[in-house]
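Mind docking chain B on chain A? Use the hints.
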Amino acid sequence: DAGVTQSPTHLIKTRGQQVTLRCSPKSGHDTVSWYQQALGQGPQFIFQYYEEEERQRGNFPDRFSGHQFPNYSSELNVNALLLGDSALYLCASSLVDAETQYFGPGTRLLVL
Amino acid sequence: QKEVEQNSGPLSVPEGAIASLNCTYSDRGSQSFFWYRQYSGKSPELIMFIYSNGDKEDGRFTAQLNKASQYVSLLIRDSQPSDSATYLCAVNKGGGSNYKLTFGKGTLLTVNP
Numbered sequence: 001d002a003g004v005t006q007s008p009t010h011l012i013k014t015r016g017q018q019v020t021l022r023c024s025p026k027s028g029h030d031t032v033s034w035y036q037q038a039l040g041q042g043p044q045f046i047f048q049y050y051e052e053e054e055r056q057r058g059n060f061p062d063r064f065s066g067h068q069f070p071n072y073s074s075e076l077n078v079n080a081l082l083l084g085d086s087a088l089y090l091c092a093s094s095l096v097d098a099e100t101q102y103f104g105p106g107t108r109l110l111v112l
Numbered sequence: 001q002k003e004v005e006q007n008s009g010p011l012s013v014p015e016g017a018i019a020s021l022n023c024t025y026s027d028r029g030s031q032s033f034f035w036y037r038q039y040s041g042k043s044p045e046l047i048m049f050i051y052s053n054g055d056k057e058d059g060r061f062t063a064q065l066n067k068a069s070q071y072v073s074l075l076i077r078d079s080q081p082s083d084s085a086t087y088l089c090a091v092n093k094g095g096g097s098n099y100k101l102t103f104g105k106g107t108l109l110t111v112n113p
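Chains as they are written, first to last, in our numbering: chain A, 1 to 112; chain B, 1 to 113.
Simulated from the structure, these hints should not be mistaken for laboratory data.
Hints should not be assumed to be uniformly reliable.
Unchecked claim - With beta-carbon atoms standing in for the labels, derived distance ranges: (1) B:R77 <-> A:E53: 41 to 51 Å; (2) A:A80 <-> B:I18: 40 to 50 Å; (3) B:G16 <-> A:I12: 23 to 33 Å; (4) A:T20 <-> B:A68: 22 to 32 Å; (5) B:K56 <-> A:N79: 23 to 33 Å; (6) B:Q80 <-> A:R63: 41 to 51 Å; (7) A:R63 <-> B:R77: 19 to 29 Å.
Claimed, not checked - Heads up, simulated DSBU-like pairs for lysine-lysine below, C-alpha to C-alpha not over 35 Å straight-line: (8) A:K13 <-> B:K67; (9) A:K13 <-> B:K56; (10) B:K105 <-> B:K67; (11) B:K42 <-> A:K26; (12) B:K56 <-> A:K26.
Ideal Cβ positions, reconstructed from N, Cα and C, are used throughout, including at glycine.
Okay, chain A solo, but in the shape it has when bound:
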């Protein structure tokens, strides 16, 4: 049973650049949520995708955008990177209307 997968595992970018992170949900799951975890903090909700639509969004600027594909995989895009965007980006998958979310290994982004 394949768990949640994310790519890449690590990424280094410079300020102003754009980045795309990818996530494949756990087998059988159709809903993907993205979280940002800064060092020493708990994860913060960015947004959730279901049926290729953004279903709910947290308090993140429009520089953060996403997409879900027909196979339920998802991308997180961040434009105009800031130093403060350096964090662990976590993808979590679930079944629609199920509250239990399972996390992938994360992508660690460093912005220089």
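Only chain B this time, still in chain A's reference frame:
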């Protein structure tokens, strides 16, 4: 007031002891509660979830929920050094359009051999 609060620790217990981790939440309408374990440099791993008042046991872990006091806790019996990690409490408000988990900062637990 933060939505979900946890003592950041570190909480240090000897091997074999009971570790008690606590969490309070501000939204009285919150409906489901989760405990995740996060090892250093890794992603959160779900340990338990609880929806109803009272206790829920799973192996060495017991989650306790008191909605009147807006309090949820995790007890780890017979603590092992491998339990040393940060424990994250997460809350889902539920309702028609609330799908996000709101996390506390986590409590760092150290189990000493």
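The hints, checked one at a time:
no.	hint	verdict
1	B:R77 <-> A:E53: 41 to 51 Å	holds (44 Å)
2	A:A80 <-> B:I18: 40 to 50 Å	holds (49 Å)
3	B:G16 <-> A:I12: 23 to 33 Å	violated (43 Å)
4	A:T20 <-> B:A68: 22 to 32 Å	violated (46 Å)
5	B:K56 <-> A:N79: 23 to 33 Å	violated (43 Å)
6	B:Q80 <-> A:R63: 41 to 51 Å	holds (43 Å)
7	A:R63 <-> B:R77: 19 to 29 Å	violated (45 Å)
8	A:K13 <-> B:K67	violated (44 Å)
9	A:K13 <-> B:K56	violated (44 Å)
10	B:K105 <-> B:K67	holds (20 Å)
11	B:K42 <-> A:K26	holds (18 Å)
12	B:K56 <-> A:K26	holds (26 Å)
Of the numbered hints listed earlier, those contradicted by the structure are 3, 4, 5, 7, 8, 9.
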